[in-house]
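Each chain, letter by letter, is given below.
2 protein chains.
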Amino acid sequence: MRYLTLHSIEEVKSIINEHLKKLKNEVEEVDLFSAVGRVLAEDIFSNIDVPPYDRAKMDGYAVKAEDTYEADEDNPVELKVIGSLKAGEIKNLEINNGECVEIATGAIIPKGANAVVMVEYTERDNDRVKIYKAVPPMENIQFTGSDIMAGELVLRKNTKLTPRDIGVLSAIGRSKVKVYKKLKFGIISTGNEIISPEKPLEFGKIYDINSYTLASYIKNLNYDFEFFGIAKDDKEDLKEKIKKALKCDIILLSGGTSAGVGDLTETAIKELGGEILVHGIKIKPGKPTIIGKIDNKLIVGLPGYPTSCLTIFDVFFGDEKNVIKAEFPQRHISAKGRTEYLPVILVKHKNGFSAYPITKGSGAITSLAEADGYVIIDENKEILENETVEVHLFGDVKVGLNIIGSHCIGVDIILKEAKLLAKTINVGSLGGLLAIKRGEADIAGIHLLDEKTNIYNIPFLERYKIRDAVLVRGYIREQGFMFRKELGFNTIEEIVKNIYNLEFINRNKGSGTRILFDKFLKEHKINPKEIKGYNIEAKTHSAVATAIAMKKADIGLGIKTVAEQYGLEFIPLANEHYDFLIRKDRFNDEDVKKFIDALKKAKLPFKKPDNCGKIIWEG
Amino acid sequence: MRYLTLHSIEEVKSIINEHLKKLKNEVEEVDLFSAVGRVLAEDIFSNIDVPPYDRAKMDGYAVKAEDTYEADEDNPVELKVIGSLKAGEIKNLEINNGECVEIATGAIIPKGANAVVMVEYTERDNDRVKIYKAVPPMENIQFTGSDIMAGELVLRKNTKLTPRDIGVLSAIGRSKVKVYKKLKFGIISTGNEIISPEKPLEFGKIYDINSYTLASYIKNLNYDFEFFGIAKDDKEDLKEKIKKALKCDIILLSGGTSAGVGDLTETAIKELGGEILVHGIKIKPGKPTIIGKIDNKLIVGLPGYPTSCLTIFDVFFGDEKNVIKAEFPQRHISAKGRTEYLPVILVKHKNGFSAYPITKGSGAITSLAEADGYVIIDENKEILENETVEVHLFGDVKVGLNIIGSHCIGVDIILKEAKLLAKTINVGSLGGLLAIKRGEADIAGIHLLDEKTNIYNIPFLERYKIRDAVLVRGYIREQGFMFRKELGFNTIEEIVKNIYNLEFINRNKGSGTRILFDKFLKEHKINPKEIKGYNIEAKTHSAVATAIAMKKADIGLGIKTVAEQYGLEFIPLANEHYDFLIRKDRFNDEDVKKFIDALKKAKLPFKKPDNCGKIIWEG
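Taken in sequence, the protein lines are chains A and B. Under full-length UniProt numbering, the residues of the first sequence are numbered 1 to 619, in order. Under full-length UniProt numbering, the residues of the second sequence are numbered 1 to 619, in order.
These are computed hints drawn from the structure, not numbers from a lab. Each hint should be verified, as a subset may be incorrect.
Copies of the same chain look alike in the list, so a pair counts if it works inside one copy or between any two.
[Claimed, not checked] No more than 20 angstroms apart at the CA atoms, straight line, and that leaves these computed lysine to any residue pairs for SDA-like: (1) Lys270 <-> Glu564; (2) Lys181 <-> Asn220; (3) Lys437 <-> Ile616; (4) Lys497 <-> Pro136; (5) Lys57 <-> Lys497; (6) Lys601 <-> Glu503; (7) Lys297 <-> Glu42; (8) Lys130 <-> Glu564.
Please read these numbers as outputs of a predicted model, since none were measured by experiment.
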């Protein structure tokens with residue numbers, strides 16, 4: 001596939017908007033119970049007066065005002081009660097001087113009456129009532145049409161209906177209204193390797209992500225969607241699914257990642273009598289996007305990678321985003337000649353926000369899931385470095401604590417206890433330490449053993465020149481080897497003896513557990529290169545335990561608590577300090593205080609030293 | 001009905017929240033396509049690695065990295081292509097030194113290969129390919145589990161699922177997830193006078209408003225509702241409907257305005273075996289609210305007036321509102337001993353907002369529809385006057401122009417031409433002039449004839465001491481008498497001759513048209529008191545025309561354009577200047593500029609003088 005001409009984002013937007021403009025003029029009639037949030041396609045005039053009759057605003061007595069003029073608290077006027085009227089009641093009552101009618105709120109004002117005395121100012125005695133207050137004419141009466149009058153324009157075309165507008169429509173007796181049709185998107189997944197999450201995974205397949213993120217996104221935008229299934233990389237299958245989806249307004253294709261998919265989409269559109277409007281956009285990610293047209297329906301071939309796919313959809317069909325300013329404290333080299341949408345994580349400071357790029361690449365779904373929003377980098381800008389950027393937020397981002405570092409179920413328990421909103425990212429102890437240094441994290445859980453001194457954590461803080469942070473003592477975890485029962489080991493020595501026969505699963509570089517494993521190997525003079533699986537890196541303790549339980553590996557290092565959760569055998573190797581490194585500029589933050597409080601109070605499956613929750617180092 | 005003890009808002013909130021807490025722990029399983037926006041009721045761990053196999057990140061050739069080390073732009077290395085792999089394809093291929101496999105993005109890396117060379121750096125010739133770039137091991141390969149590893153905690157319980165979270169769930173093959181159940185509200189309308197908007201209006205009835213506003217509000221909150229119809233003021237009918245609605249979590253009753261309704265609701269709840277928790281709240285509006293409990297279901301008897309009903313629902317079940325600060329430039333006497341929720345209109349200034357109370361009362365649906373939000377006035381505060389208040393906004397209030405004054409279809413046409421978001425409130429010319437004076441309006445359309453000078457508008461501005469505003473010349477409207485054909489009048493004189501036999505419909509006090517009518521009566525020495533219908537006030541020209549067309553009146557004064565729209569006869573009385581009074585502090589605002597531009601350009605069904613759009617007076 002070759003991109004003959006890359007279109008600019010503006011060109012593509014205008015092609016799409018031209019198409020949407022036509023669609024957005026289509027009208028349907030909806031029931032009032034389903035009309036909220038829809039856009040009116042007609043001016044609404046009232047055919048009736050609201051209220052449609054003069055009615056009592058209060059419970060009391062309908063009177064001739066002039067009969068009450070003499071009344072006051074000490075000298076009540078006595079009137080004859082000639083009847084009563086409830087709301088909704090129709091009676092042929094008419095009052096003369098000296099008479100009144102008992103009346104309920106909302107009831108029709110009887111003939112002859114021109115005011116209502118509130119019940120609070122009356123005293124009833126059989127068919128007589130004493131009136132203790134003078135009322136002027138019109139008092140406590142809501143007159144015909146005083147709220148809305150017949151003929152009045154009550155709602156203008158193009159109004160997006162709120163619940164209060166719905167109230168106005170029901171008040172004038174409109175049970176149906178004309179609104180503009182909702183856009184309907186047809187969704188087709190493509191690719192031989194794509195499988196539905198409803199099915200068990202087969203080797204060589206990956207689960208369909210894009211259909212689900214697109215559908216959810218479309219739903220949030222208050223549009224409709226229909227899913228037409230997964231098409232093979234086969235022209236006829238694709239054509240058949242597109243044909244079915246042509247009943248929708250816009251068809252989205254996505255899933256396949258290969259360059260060949262683009263050609264297939266292009267051919268399918270052409271063979272169905274359509275034309276190609278765009279093939280290639282000056283945007284990153286999402287360059288290979290295709291836009292075609294069949295019978296006035298748009299076909300959008302989105303890129304396969306989840307991040308690229310959702311970014312492109314968002315740029316062309318999404319809502320306007322809320323934007324906040326943030327410092328960009330790192331260096332990022334951008335794609336020249338293409339506008340880049342760079343996903344970022346936000347970190348809150350005392351004086352604002354910092355934005356950190358997520359650099360896992362658009363192939364990873366987690367790179368999108370962890371992002372708070374994106375920064376748009378102009379196609380002429382090559383380097384982004386130490387400057388203020390605008391972050392376009394995904395939804396209502398509520399920035400809580402950023403906890404980046406070693407994974408521990410203790411952190412989950414503490415967060416629950418503290419009832420805190422937090423984003424936890426598991427990158428290992430060293431990753432957490434660096435995230436604190438870069439300002440990316442508020443708190444990092446770390447457990448790093450210094451080989452020389454046998455002291456946990458503090459030597460690493462000195463070595464990595466950590467400033468403006470404190471180390472808070474956490475808890476003590478028991479680390480050791482986890483394995484399945486049938487291996488039958490009872491001592492560390494037995495493991496050492498069999499070490500070259502075992503399939504290991506290791507932890508990621510920079511994790512405290514991996515450092516512990518390396519120390520163990522060194523002490524026993526074992527060459528890491530001879531260890532099977534030494535290069536297989538799991539990011540969490542539970543990932544290690546799962547791999548062992550699923551027999552993908554025999555043995556690995558991890559904490560006792562997790563080994564027990566997964567029903568694995570456990571031989572202890574070391575007790576380690578799992579502590580919390582916290583940025584000083586965030587230390588007095590409410591959320592951080594709550595976190596430390598909860599650390600002290602929470603019941604944890606670990607031993608807490610006496611100085612748990614205390615500062616043990618300051619840099 | 002007597003309120004023995006009024007509950008505080010806090011007490012009621014804690015009663016309701018106690019109940020909601022229990023409900024919110026109920027769990028259901030939903031399909032991934034419907035999961036967005038729902039709240040996770042489980043921690044989500046991945047059972048699989050993502051990606052589940054090592055796969056190519058790029059289209060190109062899978063190689064042994066060491067084979068490429070010698071390659072550069074001038075000295076390519078030549079490898080033998082032993083096969084090809086597409087995404088989703090499973091082949092038993094293994095490469096040896098000197099060999100490679102053509103590979104598509106997403107395809108499984110074949111055995112023996114440890115890197116991918118991008119197709120851009122290769123040149124193919126039958127089963128041979130030249131490699132122009134050296135690649136290190138692991139280049140362009142996305143490794144098993146590098147995105148998400150089996151066993152990893154990917155989403156935490158209590159997460160509100162975003163489209164990006166849905167992507168994570170589909171990536172790990174979760175097609176269903178456990179989420180907390182949505183609250184379901186049962187809605188029952190009550191009151192003999194209430195009728196469904198689906199039916200034609202009967203005398204003495206008013207349309208059901210509250211069921212529709214509540215349902216729409218509930219929908220916007222992402223809860224469910226079911227409507228159980230309108231109950232008569234009859235205990236058995238009410239009990240029967242409540243019994244049916246008990247399948248919902250919370251039952252809302254509303255509609256009836258009478259005090260007796262409270263007793264009925266109370267009795268019905270008790271006879272169904274329930275108990276009353278609250279009867280009367282220290283709140284305005286909404287004091288007569290009742291809360292009861294039957295079998296652990298809450299029954300909430302909301303007040304009948306639309307504004308009261310929705311306010312109470314919002315206070316106890318609504319979302320947290322966005323709050324903005326605004327100046328409160330008027331004086332408002334609040335209800336002592338009750339917290340008042342006062343609906344206000346917002347007006348944007350150069351330096352912020354002003355909030356103006358809407359004082360139509362809670363009986364009017366328009367008082368809620370026109371409001372941008374409300375101000376909460378503490379129960380101990382008696383007077384609100386010239387101070388800064390917090391306005392709790394209804395939804396995403398986008399404050400556009402406030403156009404308050406005389407109604408004219410010309411304004412509608414101008415707004416359409418200018419594509420402006422604006423709130424238009426029809427209160428007549430004098431009302432508009434006063435709204436400008438109070439700062440409530442940005443623009444007021446006025447047409448006020450001074451009897452002495454026969455000059456339009458300017459004398460009134462002087463008389464009402466308008467400052468800090470300008471008058472912009474608008475257009476000329478033909479005013480005259482509108483009537484049905486069968487009346488057969490041809491001249492003003494014929495109308496004068498028959499004037500005491502005619503049923504008139506008048507306009508509201510302060511409207512330019514009413515002033516014109518009064519001048520006409522004076523000139524012809526006619527006593528207004530002898531005119532039938534003189535006191536019946538319509539707020540718009542179209543309301544006058546409708547009343548005549550519907551034979552509710554014979555004749556009225558209005559503009560020619562509207563008479564024509566309604567097929568009425570028209571005899572001209574005067575040409576009048578319809579001009580725009582604009583606040584000076586808003587005159588340079590973008591929206592105001594657009595309005596004046598559109599006034600000049602728009603095709604209007606009126607005559608435009610040469611100085612249309614020009615300032616003709618400054619105060």
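A quick look at each hint next to the structure:
no., hint, verdict
1, Lys270 <-> Glu564, "neither (59 angstroms within a copy, 53 angstroms between copies)"
2, Lys181 <-> Asn220, "both (16 angstroms within a copy, 19 angstroms between copies)"
3, Lys437 <-> Ile616, "within (18 angstroms within a copy, 65 angstroms between copies)"
4, Lys497 <-> Pro136, "neither (105 angstroms within a copy, 35 angstroms between copies)"
5, Lys57 <-> Lys497, "neither (93 angstroms within a copy, 40 angstroms between copies)"
6, Lys601 <-> Glu503, "neither (40 angstroms within a copy, 81 angstroms between copies)"
7, Lys297 <-> Glu42, "neither (26 angstroms within a copy, 41 angstroms between copies)"
8, Lys130 <-> Glu564, "neither (82 angstroms within a copy, 54 angstroms between copies)"
This entry does not satisfy hints 1, 4, 5, 6, 7, 8, going by the numbered hints stated previously.
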